[in-house]
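The primary structure of each chain is shown beneath.
Number of protein chains: 2
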Amino acid sequence: MKQTYINQLKDRIGHDVTLKGWLYNSRSSGKLVFLQLRDGTGIVQCVVFKGNDESVFEKAKALGQESSLIVHGTVKADERSPIGVEVDVKGIDVLQNVHDYPITPKEHGTEFLMDHRHLWIRSKKQNAILKVRHTVIKAVRDYFDSNGFILADTPIFTPAACEGTTTLFEVDYFGDDKAYLTQSGQLYNEATAAAFGKSYAFGPTFRAEKSKTRRHLTEFWMVEPEVAYATYEDMMDLGEGLILHIVKSVLNERRAELEALERDISKLEAIKSPFPRLHYDDAVKMLQDGFDKGELGASDRGRPARSEEDAGQRPAVRRFEWGGDFGAPDETYLSSQFGSPVFVHHFPTAIKGFYFEVDKDDPKYALGIDLLAPEGYGEIIGGGERAASLDYLEKQLEAHNLPRESFEWYLDLRRYGSVPHSGFGMGIERTVAWMCGIEHVRETIPFPRMLYRLKP
Amino acid sequence: MKQTYINQLKDRIGHDVTLKGWLYNSRSSGKLVFLQLRDGTGIVQCVVFKGNDESVFEKAKALGQESSLIVHGTVKADERSPIGVEVDVKGIDVLQNVHDYPITPKEHGTEFLMDHRHLWIRSKKQNAILKVRHTVIKAVRDYFDSNGFILADTPIFTPAACEGTTTLFEVDYFGDDKAYLTQSGQLYNEATAAAFGKSYAFGPTFRAEKSKTRRHLTEFWMVEPEVAYATYEDMMDLGEGLILHIVKSVLNERRAELEALERDISKLEAIKSPFPRLHYDDAVKMLQDGFDKGELGASDRGRPARSEEDAGQRPAVRRFEWGGDFGAPDETYLSSQFGSPVFVHHFPTAIKGFYFEVDKDDPKYALGIDLLAPEGYGEIIGGGERAASLDYLEKQLEAHNLPRESFEWYLDLRRYGSVPHSGFGMGIERTVAWMCGIEHVRETIPFPRMLYRLKP
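Chains as they are written, first to last, in the numbering used here: chain A, 1 to 456; chain B, 1 to 456.
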């Protein structure tokens, strides 16, 4: 008999169906057994009545959590059910009766759950988070595909370090060569933007950072659009449109999952255009005022404790000085001043990468943009306008002590038809964590990789 | 003035527009200069008439290939144009006049072009191939997303070798640990299929193979669906549906690109359901008959020479014996017997991975499936049904000399709710090469990585 999926049941009321799945939970009371069956598309209550067939009843009563089974029954409307239906069971085929499933309804430590990640992803909340991830990624791709961008994935193996090798993973490339795992496809995107006008790359990126905070993974996914003839202001428009499309998609398609996660949905519904756009100088002033009023740090400390490691690494609160880069508490304070994500632009040139375009009127500012997510989720977009001048870039490579030879191909982009162009990167895991309202990015990816986590 | 893209021009006939792009080619004749302007969305002829404004005319005449420029002009219908319009130029802003663009209309060697890949992707054919790639990837994702699959990307860093370490890239993981770059997400997909019912992974995979053929890259992209409660026959249905959707999407959306590539489009239009499904035994008989009739090898040798390396590595033609795995000439011969892709199923268990389910009636056959593309493009799908029994898998690990400890998490999937399940992998680059009708997979990815190619 053909399998019906649980998310199709509300269109099959009154019909006989065959469900194939796993036992999520069960309870029995005298003459009834209630099986919570999951099949990956949802969970439905299957009711076994002793009076119908005693052998089916006994079989149902004996089943342990995560037993695999096929249920035959009739779909009935049920107002009390979150999915509007339940199933009146006529027969059960047990594929495997499980009695020692390691993840029980009791509390488990994070390390134990992470060691059992291959099973943990079956549980309601983890399942919900990864479905939100699916929707975020689909929203990202749909946004760029429907706005004239060409997907041009950049290489994972890169020959040279863009900005020092300390956070790069090194790979032995056939014995006589070394390759490094990409940290960003940006330089390559600049080449594809000149070929396609608008391009984007979407893939895993790697950072060998010895930090153990709730915001870091060694392997994470990033989308990076790049647009020829575009300015840093165009990137704020593009990034804002992207975030609005993601939020809308998640609200439309994953409401049930957000509810399972006990997400405060009103916080996402409040995200509206236009996002505030703060000059770095104004952001600095806001931070200084916040400190002077005794607010800075308070808002950060006020949020729920995120994790022990994080608390340990949180820098002491100090008065922010012009020229510095924002730390997590600064980002949290800035974004807490607004109900929506906030852009910061015009960063000090000295703290930005060698490839940034500078403000022609005041070269101490680089035309960089960051987007800070609300609720303490930090920077989710970083980018800006790239330097178009060959001369300037040659000087920058020297000033940043970078090996000129490795960048010859990149300099070619300025030798042969250089144009103003801009782009940014958006981290998927931080965005998913924000959508879900969860604490740690390690739960936003099926199999997280961290400093001390390479398994399963 | 707001930028109009070239692919929007046919809706702007009679209007003044501003185009931003690069000079693809030009010629002049007395009082006219014809500029072929490209902007990534297309190429349009821009006509500069000396009588309009002599200074604009002189500026246009002086422009070299790949100069960056902004063109102001009026859109005019033109029947001779492949895009139906041309532009009557009123003004030109030259951003950079280029005179020594390295890729000229003359012939260049492959190594030279690959060294200049960052520029080569601007040329008409390379640009067309990568746009077909974009459409293939979008078709793949749309197919799975609209058929109830959840995207669950599997890790790039894996702790253990699945099947020997000889073709694995090794990464130094914070000094005291080794990680390997994934060759396939399959084992992890089996975990996500049990969580989501239907799941797929889509990302880069890596193979440290010292082979230098037209079908191999060290870094390539693969999509891998996995379905709980599905059989190997379901996978043939799923794979056929996937290929049909890809072919349809490419034909609908990339006809201009296929024409630029001089692709024989009728070959793609001929792809129809159902694809033939050959038992391995029947495939063997077909190969033996082909050899006896003197046909085998002929068809392979008859196709256009693909590359020197490939010819060197092509194995000598011999009579195929039961129990062997197909080589490239075998695949080519088999697929040449049909106008469409052809499935082969029921391979000898001895030549398949440890995780294959075997035919219950005759365990010398594994429930594997391969899909062979037409026109000599070889295997583009490989997969099948996975062994569901814990006992059997434990014996297989031993028989294949695999470290039991590394697979404990995988065995958990058989301990806790084991179900029949199946999946496959489809290689993106081979599929794109087939769609485009091109010889070598190295042109199907923006920045190919091969044995001797790690740049740019």
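Check the hints yourself; a few may be wrong.
The list makes no distinction among identical chains, and a pair is therefore deemed to hold if it is satisfied within one copy or across any two copies.
For lysine-lysine, the following BS3-like pairs were computed, each having C-alpha atoms within a straight-line distance of at most 27 angstroms [as the list claims (entries may be wrong)]:
#1 455 - 352
#2 272 - 2
#3 285 - 106
#4 248 - 210
#5 455 - 125
Worth flagging that the hints you see were computed from the coordinates, not collected in a lab. The model shown is predicted, which means the values in this text are computed figures rather than measured ones.
Exercise. State whether the alpha carbon distance between residue 455 and residue 125 is at most 27 angstroms within one copy, between copies, both, or neither.
Key: within (21 angstroms within a copy, 43 angstroms between copies)
Practice problem: Have a look at residue 285 and residue 106 and pick one of within, between, both or neither, based on CA distance no larger than 27 angstroms. | Solution: neither (48 angstroms within a copy, 59 angstroms between copies)
Quiz prompt | Intra/inter-copy verdict for residue 272 and residue 2 if alpha-carbon distance must be at most 27 angstroms | solution = Answer is between; shortest inter-copy Cα gap is 26 angstroms, intra-copy 45 angstroms.
Quiz item: With identical chains treated as interchangeable, where does the CA-CA distance between residue 455 and residue 352 reach 27 angstroms or less: within a copy, between copies, both, or neither?
Solution: Cα proximity of residue 455 and residue 352: across copies only (26 angstroms, versus 35 angstroms in one copy).
Quiz item: From the Cα coordinates, with 27 angstroms as the cut-off, is the pair residue 248 and residue 210 best called within, between, both, or neither?
Solution: neither (35 angstroms within a copy, 47 angstroms between copies)
Hint compliance for this structure: hints 3, 4 are not met, and every other hint is.
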